[in-house]
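Starting from the known structure of chain Z, arrange chain W on it as the hints suggest.
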Amino acid sequence: MKQNLIALLCGVIFGIGLSLSHMINPNKVLNFLDISGNWDPSLIFVMAGALAVAFVSFKLILKHSAPVLADSFHVFGKSSVNKPLIIGAATFGIGWGMTGYCPGPAVSSLGLFSVESVFIVVAIYLGFFVCNRMFEQK
Amino acid sequence: MENFTPLSATAGGALIGISVTLLLLFNGRIGGISGIMNGALFAPNNERSWRLIFLAGLILGAFIFHRLAPGFNSPRQNYPLLLLALGGFLIGFGTRVGGGCTSGHSICGIANLSIRSIIATLTFMASGMITVYIIRHSLELAA
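Here the protein sequences come in this chain order: Z and W. Going by the numbering used here, the first residue of the first sequence is number 1, and it counts up by one from there. Going by the numbering used here, the first residue of the second sequence is number 139, and it counts up by one from there.
If we strip away everything but chain Z, and leave its shape as in the complex, we get (with noise of 0.2 Å):
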């Protein structure tokens, strides 16, 4: 119940940051994308906002043994640089620059009642069927 409120807050928090940076609008993130264009910055500032905090918190975070409300942490093994990483890496990019969407800003986009947001979270969700259909993963 607790952990779920917390899921609510951090949720309600994202969804705010990433309309307060203006990455929920995909133009911009295009944008950013667009180097050789007008090209806009922005989204450097955001990740580097983000990291000025995740950076020192994390840090902190990982020295205790438990998080405060459950008995682990669910953090990512540190397995190295290989072939998957690289090409699904790739791929989202590709799909990241058709669309000026990645997944936060997709879901979010839900919010201002955006049409091609249903579509977009829509096709998303049927990569991931197709590739945990291909390798079987959960």
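Read the hints as simulated data drawn from the structure, not as lab findings. One or more hints might be untrue.
Said to hold, decoys possible - Chain W stretches covered by chain Z per the calculated footprint, using a threshold of three residues with CB under 8 Å from any CB of chain Z:
(1) 176 to 190
(2) 215 to 226
(3) 262 to 268
What the hints assert, rightly or not - Sample of chain W residues at the chain Z side, in silico, Cβ under 8 Å:
(4) 147
(5) 155
(6) 156
(7) 164
(8) 166
(9) 167
(10) 194
(11) 195
(12) 209
(13) 211
(14) 231
(15) 245
(16) 249
(17) 275
(18) 276
Ideal Cβ positions, reconstructed from N, Cα and C, are used throughout, including at glycine.
Showing chain W alone in chain Z's frame:
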């Protein structure tokens, strides 16, 4: 660079940093949206609810902001549907294969000094930039 908004970008980014901080501090979870989206539908039963609630919050946060500041972000219209459908599929497929997206790799992963996440971020930024170059300047599909 006429639409460059460094102040709101940094402040919004800091909020995203606070969100992933609280999620890790209290629940021990990484705030990677592609993983949360996938798990919200495809994880085992008892693992789904917090993810669904997080996604509901994500929508609610954008909705509240839009209510308080209408016109700050307006929904895009008339973008080619084929690009959205095909691009969306590649986002879903690619983030599964590559183990994360902008939030999981570029924020949480880099904050954790993961080499994988740094490489992933450079890779999808490069392929995204090449894609936008082709779409906007070679094919002139979407301005």
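_Claimed coverage, the region 262 to 268 of chain W by chain Z - three or more beta carbons nearer than 8 Å_ = Since 7 is at least three, the answer is holds.
*Quick one, is the residue 231 of chain W hint okay against chain Z at 8 Å, beta carbons?*
Nearest chain Z Cβ about 4 Å off; hint holds.
*Can the hint on residue 276 of chain W be confirmed by a CB-to-CB distance to chain Z that is less than 8 Å?*
At 11 Å from the nearest chain Z Cβ, residue 276 of chain W fails the 8 Å test, so the hint is violated.
*Minimum Cβ distance from residue 155 of chain W to chain Z below 8 Å?*
Hint holds; residue 155 of chain W Cβ to chain Z Cβ min 3 Å, cut 8 Å.
*Taking the closest Cβ pair, is residue 211 of chain W under 8 Å from chain Z?*
Since the shortest Cβ distance to chain Z is 5 Å, the answer is holds.
_Interface hint check: residue 147 of chain W, Cβ to nearest Cβ on chain Z, cutoff 8 Å. Holds or violated?_
holds, 4 Å
*Is the shortest C-beta separation between residue 167 of chain W and chain Z less than 8 Å?*
Holds - the Cβ of residue 167 of chain W comes within 8 Å of chain Z, reaching about 5 Å at its closest.
_Status of the hint placing residue 245 of chain W at chain Z (closest C-beta pair under 8 Å)_ = holds, 5 Å
_Restraint outcome when residue 166 of chain W is required to lie within 8 Å of chain Z by C-beta distance_ = holds, 3 Å
*Let me know if the C-beta of residue 195 of chain W comes in closer than 8 Å to any C-beta of chain Z, holds or violated.*
holds, 2 Å
*Within the assertion that chain Z covers the region 176 to 190 of chain W, do at least three residues meet a Cβ-to-Cβ distance smaller than 8 Å?*
Three-residue rule met by the region 176 to 190 of chain W, so holds; n is 8.
*At a threshold of 8 Å, is the proposed contact between residue 249 of chain W and chain Z supported by beta-carbon distances?*
holds, 4 Å
The structure shown violates the earlier hints numbered 12, 18.
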